[in-house]
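**Q** So you can see what is in the structure, the chains are spelled out below.
There are 2 protein chains.
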Amino acid sequence: MKILVDAMGGDNAPLCVLQGAADALREFGEGMQLVLLGQREVIEQTAAEHAISLDGMEIVDCREVVSMHDDPVKAARQKKDSSMVRGLTMLKNGEGDAFVSAGSTGTLHVASSLIVRTVKGIKRPALATPMPGLKQNFLLLDCGANVECRATTLNAFAVMGSVYAEKVMGRTNPSVALVNNGTEDTKGTPIYREAHGLMRDNPVIHFVGNIEPREVPNGEVDVVVCDGFVGNVILKLMEGMAKTLFGMLKDVFLENLVTKLCFLGIKNGLRGIKHKMDSEEVGGAPLLGTARPVIKAHGSSTAKGIKNAIRQARQCVAEDLCGTMESALAALNANDTKAEKSE
Amino acid sequence: MKILVDAMGGDNAPLCVLQGAADALREFGEGMQLVLLGQREVIEQTAAEHAISLDGMEIVDCREVVSMHDDPVKAARQKKDSSMVRGLTMLKNGEGDAFVSAGSTGTLHVASSLIVRTVKGIKRPALATPMPGLKQNFLLLDCGANVECRATTLNAFAVMGSVYAEKVMGRTNPSVALVNNGTEDTKGTPIYREAHGLMRDNPVIHFVGNIEPREVPNGEVDVVVCDGFVGNVILKLMEGMAKTLFGMLKDVFLENLVTKLCFLGIKNGLRGIKHKMDSEEVGGAPLLGTARPVIKAHGSSTAKGIKNAIRQARQCVAEDLCGTMESALAALNANDTKAEKSE
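Taken in sequence, the protein lines are chains A and B. The numbering of the first sequence is our numbering, which starts it at 1 and goes up by one. The numbering of the second sequence is our numbering, which starts it at 1 and goes up by one.
The shape of chain A in the complex, shown without the other chains:
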């Protein structure tokens, strides 16, 4: 299996990408080849300076770089010699089995749609993010790629999220919930009410009903579905609240000598909480619905984040994520057609 890695994407590229790639090869490299895309001399120089072995990695030289300030549509169409567009083109052509990038989310989303295309039944890929939860991690989608969604789109997200949770996160019969402002099926906008009905009647998922935002951080559901506007709010607000509360806590600990000593006493426990809430531990965000696996690593990924994103990509390929997803969506559509005929 060959994983394509964007060496130029992310705040800490190329250094952390190279370190993450080397770590991945060492830890779970059996049967896996890595292809680094980026400016060859920059990659080689960085590796040399930091004594990172590039053994087992191929370099594909690309002269352009997609920046966070590029317009996604323009960059996807015009920066043909960028590490991102070249990588996705190789993926489409079968010169690699999955693509990992910590670069611009917007450009990755647009370029994936344009170049790699989507599985049957999906117009635009969803951005799904594995989120830290109290009981366990859960998958949230869409996280901002599709700010407006129809009910049928939300239902398709449910199917794709469910397949990912089973194949990559290892959940058996994953539970799927719809974000809503109440548990009753009469709650929400007309689109959410319709989506609730579709998901309830969806035979290929294990739908557990609406989930109130208050319950989302508990992590008791495997897949949480909403449109990209709401998902982006949930993603960023969870980050913001964690930061705010840890900030308040820090002020409490810094107050005087006694509180500073107390900090030493529970430091390990606090580290445990931070570790639990750490997005890099949880992994990268898969673009679900692309014809071949694309994983978006966090923009501020360190080597650990890149390594974990490569691990996810590996799992997607090993489990034929995209093929399974296409079959599940086809089963859903067949069921809908049958239901329509019998009406």
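Bear in mind the hints are in silico, worked out from the structure with no lab data behind them. Be aware that one or more of the hints could be misleading.
Which copy? The list can't say, so a pair holds if one copy fits it or any two copies do.
Calculated pairs, DSSO-like style, for lysine-lysine (alpha carbon to alpha carbon, straight line, at most 30 angstroms) [to be verified]: (1) Lys250 with Lys276; (2) Lys187 with Lys80; (3) Lys187 with Lys74.
Go by the hints and put chain B onto chain A.
**A** Okay, now just chain B, sitting in the frame of chain A:
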């Protein structure tokens, strides 16, 4: 000034309502009369049992009670002898200057629209909630009463929130932001993009642009505007995240003898954080846009929550909140008409 108080609404009614009312009269009762609505014998018996003085309070006997399980529209139309419907009817007839209730939010919203009606330019009142923020409290609207909003509605929310922040929360030239998944004015759904333009050109508010959900808990903006679906997500997710993180923290402190001792050392600081995040300290949620002031106290309000809601109601009356709001909305409409003519 006469404040009407629903003695039967909320999880802790009538006891906490009576205590809160008595506390309010003692602390800021000058020039203020309270009218308690509810079953007279229940009110009198509860007051007697707990030695609560009803001096300065009038009782209006109502035989029905609106429950949390009632259908809002049915309850608003049919339970004419309930404390909530009677109170709102008295408010409409000028037999009181403001109404406070800890009862069902849905019924209060519907009944306020039907009975008290709205100021010119507003179809349905907004539910605004004062939220705890790191720097200071902020007003979030809409919090769930209007799950779907047009851009003009969001712009009207901005005006109403701004007037409330100035008149009741005491903010000078309050800053107003629109929730969005990015700070650029091209972000969001078509409705949010249009709302951004309207708010930018709105001469009666101090618009500071989009706010990312990550920044919301910082409390650096006075008024945060969004539709009721998104607002409900923000409100409940902030509660949920605080609960989850405090829960994790509790587990850390309970681990062993040392960590338990550490808890004692920073107990006061933690109490400070909890106090800061306490929705009862922050106050009740005003229904903005009603022709006369209506304040929704938290359903689980203790005496303190009721007292603070009465304080807010008092302030709304003293500052002629509804009149000021109507003038501000009229100024906005006049400006729009002028702008249209000059085009």
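**Q** Hint numbers the structure violates, sorted upward?
**A** none
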